[in-house]
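J.: Read top to bottom, the protein sequences are chains F and C.
Each residue of the first sequence is one higher than the one before, starting from 1 at the first, in the numbering used here.
Each residue of the second sequence is one higher than the one before, starting from 1 at the first, in the numbering used here.
No lab work stands behind these hints, which were simulated from the structure alone.
Please read all numbers here as calculations on a predicted model, not as lab measurements.
Any given hint could be a false lead.
Said to hold, decoys possible - Only pairs whose alpha carbons sit at most 20 Å apart, straight line, appear in this in silico EDC-like list of lysine to aspartate or glutamate: (1) Lys99(C) with Glu102(F); (2) Lys99(C) with Glu54(F); (3) Lys26(C) with Glu58(F); (4) Lys56(C) with Glu102(F).
Here is how the chains run, residue by residue.
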Amino acid sequence: SAVISQKPSRDICQRGTSLTIQCQVDSQVTMMFWYRQQPGQSLTLIATANQGSEATYESGFVIDKFPISRPNLTFSTLTVSNMSPEDSSIYLCSGKGRLASEQFFGPGTRLTVL
Amino acid sequence: SQQGEEDPQALSIQEGENATMNCSYKTSINNLQWYRQNSGRGLVHLILIRSNEREKHSGRLRVTLDTSKKSSSLLITASRAADTASYFCATAITGGGNKLTFGTGTQLKVEL
Chain F
1 SAVISQKPSR DICQRGTSLT IQCQVDSQVT MMFWYRQQPG QSLTLIATAN QGSEATYESG
61 FVIDKFPISR PNLTFSTLTV SNMSPEDSSI YLCSGKGRLA SEQFFGPGTR LTVL
Chain C
1 SQQGEEDPQA LSIQEGENAT MNCSYKTSIN NLQWYRQNSG RGLVHLILIR SNEREKHSGR
61 LRVTLDTSKK SSSLLITASR AADTASYFCA TAITGGGNKL TFGTGTQLKV EL
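One chain only, chain C, in its complex shape (with noise of 0.2 Å):
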């Protein structure tokens, strides 16, 4: 079954607002990285969040884990039209050999 399950499915927000979507899972992990994807085309690499962490930042992401909770979120601070896009959670599940097990995704739009 998926690791990972994310919400909102979707979220329109206009220019300059915040996102936040949030990523729950299932099992121990190693790490939890998010992606963006846009229009159907490769997945680009955000952040990469170990399990002994609890907050990172990358400029204008943030990222929090509570493995107690087994949930991430992901903040987009003053979102531009440029981030419309899909954004993916995916787990290293411990144990797993490295592979990834992806959450169902949430679909950002940003209106201008």
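Looking at chain F on its own, in the form it has when it is part of the complex (with noise of 0.2 Å):
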């Protein structure tokens, strides 16, 4: 199974702000996902993170709010925005490599806004 680490853990913010979140993946992974965990709920697709081009975005996101970068194959960030207590979630970054069909989860990242 791919190797997948993110940070941070967890934070907690204040509202307006913005927070980075890195996520760093081992060699076999070639695509890279963002994904998104209210309290509670199920996992929300974000973005498809592209390596070098814009990051493909689901119904509902938007790259303003939730701009993410993929500068090489192995390493990308999601940066939340402008932050509201409703993004408070866990981010979860996954990575899937290029024959393989599973698709490998990182640690998460818990995110509290005051």
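Mind assembling these two chains? They're in different frames, but the hints should get you there.
T.: As structure tokens, then:
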């Protein structure tokens, strides 16, 4: 299985600020994704992180609110901008290898916005 | 709308009993994957079943897939307290570009 790490593991932020979450994957991974899990809910895909180009966002998610970078194959960042308490969630990155169908997840970042 | 619905939402059993969770989905899929999540942490990949497969086993886990009914089940045999977690199914939709759509999840509690 792919090794995926995230940081920070958790953070408490003030309303109106921004937080950047980092995700590092091992070299097996070719595709990277970002998900959000609101309290007590299931996971929802935010976007597919594309290497060297703009991410592909799902309906309901926009680049201004969740800018994503992927400067190389094994690293991506998700920024949660101008945060409000409704952004309090666990944010998870995932990766998938080129030939494999399995998708593996990082440990998640638990964000609390006050 | 959510692709997968799981039932039951919550399940409480005694250690040693079997636990069965069901997942239904709405559209054609390439594969279906089951995950475990402990106390709001990251997801652990359990098993993947492809659309042309009907049953797979991994240790104490048995997964079935019925594409005609658009449903899957996860059976955990001889459950242990350490199996206490939330379990999610996730579908890779045909033509969906490897994106996963998650079910609503089942909270399993295994009591001693």
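J.: Taking the hints in turn, state whether each one holds.
T.: Quick rundown of the hints versus the structure:
no.	hint	verdict
1	Lys99(C) with Glu102(F)	11 Å, holds
2	Lys99(C) with Glu54(F)	17 Å, holds
3	Lys26(C) with Glu58(F)	18 Å, holds
4	Lys56(C) with Glu102(F)	15 Å, holds
No hint from the list above goes unmet by this structure.
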